[in-house]
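Residue numbers (our numbering), protein chains in the order written: chain A, 58 to 363; chain B, 13 to 309.
Check each hint, because a few of them may be wrong.
Just so you have them, the derived chain A footprint on chain B, three or more residues with Cβ under 8 Å [to be verified]:
#1 119 to 132
#2 147 to 153
#3 181 to 187
Quick caveat, the hints were computed from the structure, so don't treat them as lab data. Ideal placement from N, C-alpha and C gives every residue a C-beta, glycine not left out.
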Amino acid sequence: MIPTSAGPGQPSARARGGRNLSLAWLTVPALVFFVGFGVIPLVGVLALSFTTWDGIGDIHFSGFTSWHAVLTDPGLPHALWVTFLIMALSWLVQTPASILLGVFLAGAQRYRAVLSVLYFIPLLLSSAAIAITYKALLDPNFGLGAGLKIALLSQDWLGRPGLALGVVVFVVSWQFIPFHSLIYQGGVRQIPKSMYEAAELDGAGRVRKFFSITLPQLKYTMITSTTLVLVGSLTFFDLIFVLTAGGPGDATRVLALDMYKRGFQANLMGPASAIALILVFVGLALSLLLRRLGGGKADHSQMEGA
Amino acid sequence: MGTTLTTRPERTSTHRPRHERDAPARHWNWLAGATGWLWLVVVVVPIYWIVITSFKTQSNYYAMNPLAPPTEPTLANYRMVIESDFVLYFVNSLIVTVGAVIPAVGVSFMAAYAIVRGSSSGRFIRSVNSLFLMGLAIPLQATVIPIYLIIIRLHLYDTLLAMILPSIAFAIPLSVLVLSNFIRDVPRELFESMRMDGATEWGTLWRLAFPLSRPAVVTVTIYNALTIWNNFLLPLILTQSPDKRTLPLALWSFQGQYSINVPAVLASVVLTTLPILTLYVVGRRQLLSGLMAGFSK
Chain A
58 MIPTSAGPGQ
68 PSARARGGRN
78 LSLAWLTVPA
88 LVFFVGFGVI
98 PLVGVLALSF
108 TTWDGIGDIH
118 FSGFTSWHAV
128 LTDPGLPHAL
138 WVTFLIMALS
148 WLVQTPASIL
158 LGVFLAGAQR
168 YRAVLSVLYF
178 IPLLLSSAAI
188 AITYKALLDP
198 NFGLGAGLKI
208 ALLSQDWLGR
218 PGLALGVVVF
228 VVSWQFIPFH
238 SLIYQGGVRQ
248 IPKSMYEAAE
258 LDGAGRVRKF
268 FSITLPQLKY
278 TMITSTTLVL
288 VGSLTFFDLI
298 FVLTAGGPGD
308 ATRVLALDMY
318 KRGFQANLMG
328 PASAIALILV
338 FVGLALSLLL
348 RRLGGGKADH
358 SQMEGA
Chain B
13 MGTTLTTRPE
23 RTSTHRPRHE
33 RDAPARHWNW
43 LAGATGWLWL
53 VVVVVPIYWI
63 VITSFKTQSN
73 YYAMNPLAPP
83 TEPTLANYRM
93 VIESDFVLYF
103 VNSLIVTVGA
113 VIPAVGVSFM
123 AAYAIVRGSS
133 SGRFIRSVNS
143 LFLMGLAIPL
153 QATVIPIYLI
163 IIRLHLYDTL
173 LAMILPSIAF
183 AIPLSVLVLS
193 NFIRDVPREL
203 FESMRMDGAT
213 EWGTLWRLAF
223 PLSRPAVVTV
233 TIYNALTIWN
243 NFLLPLILTQ
253 SPDKRTLPLA
263 LWSFQGQYSI
273 NVPAVLASVV
283 LTTLPILTLY
293 VVGRRQLLSG
303 LMAGFSK
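Throw the hints in and build the complete structure from the sequences for me.
Shown next as structure tokens:
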């Protein structure tokens, strides 16, 4: 997999064993942090889902009570549905736009480099700042639409369920398209120019070249980007929390928000942990599925960039 | 220029010199071009609106065209934000960000070095690598409830350290991935000659790999600083006193308090973003190319 120790300069097995030991120590500090605040909490979330805890007092084992409460609550299918809807819509918006922008930015013209610097700015703002900005910008009475006196733009964007969901998808795309177009830009630059030249010799048209060279060559980039979009969309907590707080009603109450509200506002840590675990499973399942799509080995080296 | 996606495939490159320098550039099309310029408008208009509005007086804001620059620009909004303890929140954010980014990049670099140099024969190192890669697939926010419990039990609730420790852990998977991708490109002969000279792994790590990986180190440092500076969930659940707030949380409560005063709220948005914008201006080239290399391979 990694060519480091191949070839004639290979040290003896014993020397290598000693080297590996000292190398192994180098991973320990990172491992301690990651186990302490990543792996143990992950196990903890499983354990806590079988308990009753109000966040302050003692923790009591209570079997499947929390799971029963969560799985029979009609709020769960709704939260799952909203989560998937936002995930699917933000993928549908972000992927074609990012590919187009990535292809566009991959050009060598200087002004495009300037554009990519500007595009990146939304990514610098915190989700809280973006949510606060759009809340003010979309205000039906004092926002941009009302100020410009354009009726179409001065709707009650965050007050109607369908519109609020659309706004969330738009704001998410506004924030993250720059990042994904950057990934596609890198992917396009790595396509060998000789492939295009060969296709031109065969008389391939531009449409043909895009669909038979550019898109297939971007397959692994697309899988990386899709994984980040899908798994990332499970964690849009802060943006939705500040922008709509899950509303109106529960129209934008995604799983992550549901977890927070049950756990830290209703003080039901047990059911909140059960929801957290569902989040973890959905995330893992999506990643594994996309890895499978990428075709095992090839995707593995993709993940490692080898 | 030409087209790729849609019409007029007859005007293909047969008219063009075949050895043009940049194939992808030649491959752009009006659809992508239109998207590019449209996107610029979508990005720039809200940002322009934030900046000009933050210099307007409140009455000015309600009275005039929202996209026109202020007729009587004022710094009163900024003064008001700064007087609302923003200096304190700024210092808190700075402590949390610096306190988390330096250890996170340090331990990730050591791990990435070991993964590149040792995973051909070390099963332990390979498992560590798989563990970190798995961390990329798991939404780590889902672990906040146990983290809250751990922080309480460590008696760290409502301290800055409470936010620093999980932030380090959350930063590790991606940092290790990007750094190890980069270290892998260091020519093997350099490591070999260091070994011939009797250098230890520790010495090779800091004297050879670290200086050679500076672009990747800059990339992950800025990226992590950005993520941690903007984090909202950890301060929300791990602190309660106003004097432990970091900027995003302060921004949120400021907005709750002064939501009528849109110019002041937007001035607070500008002020919280300025430090990270400065960092971006300084390191943008390495950040963009580093992220591109880290994800597009």
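These are the hints, each one checked on the structure:
Only residues whose beta carbon comes within less than 8 Å of a beta carbon in chain A count, and the segment 119 to 132 of chain B has 12; three or more means the coverage holds. Under the rule that three or more residues need a Cβ within less than 8 Å of chain A, the assignment of the segment 147 to 153 of chain B holds, with 7 such residues. Counting residues of the segment 181 to 187 of chain B whose C-beta sits closer than 8 Å to any C-beta of chain A gives 4, which meets the bar of three, so the coverage hint holds.
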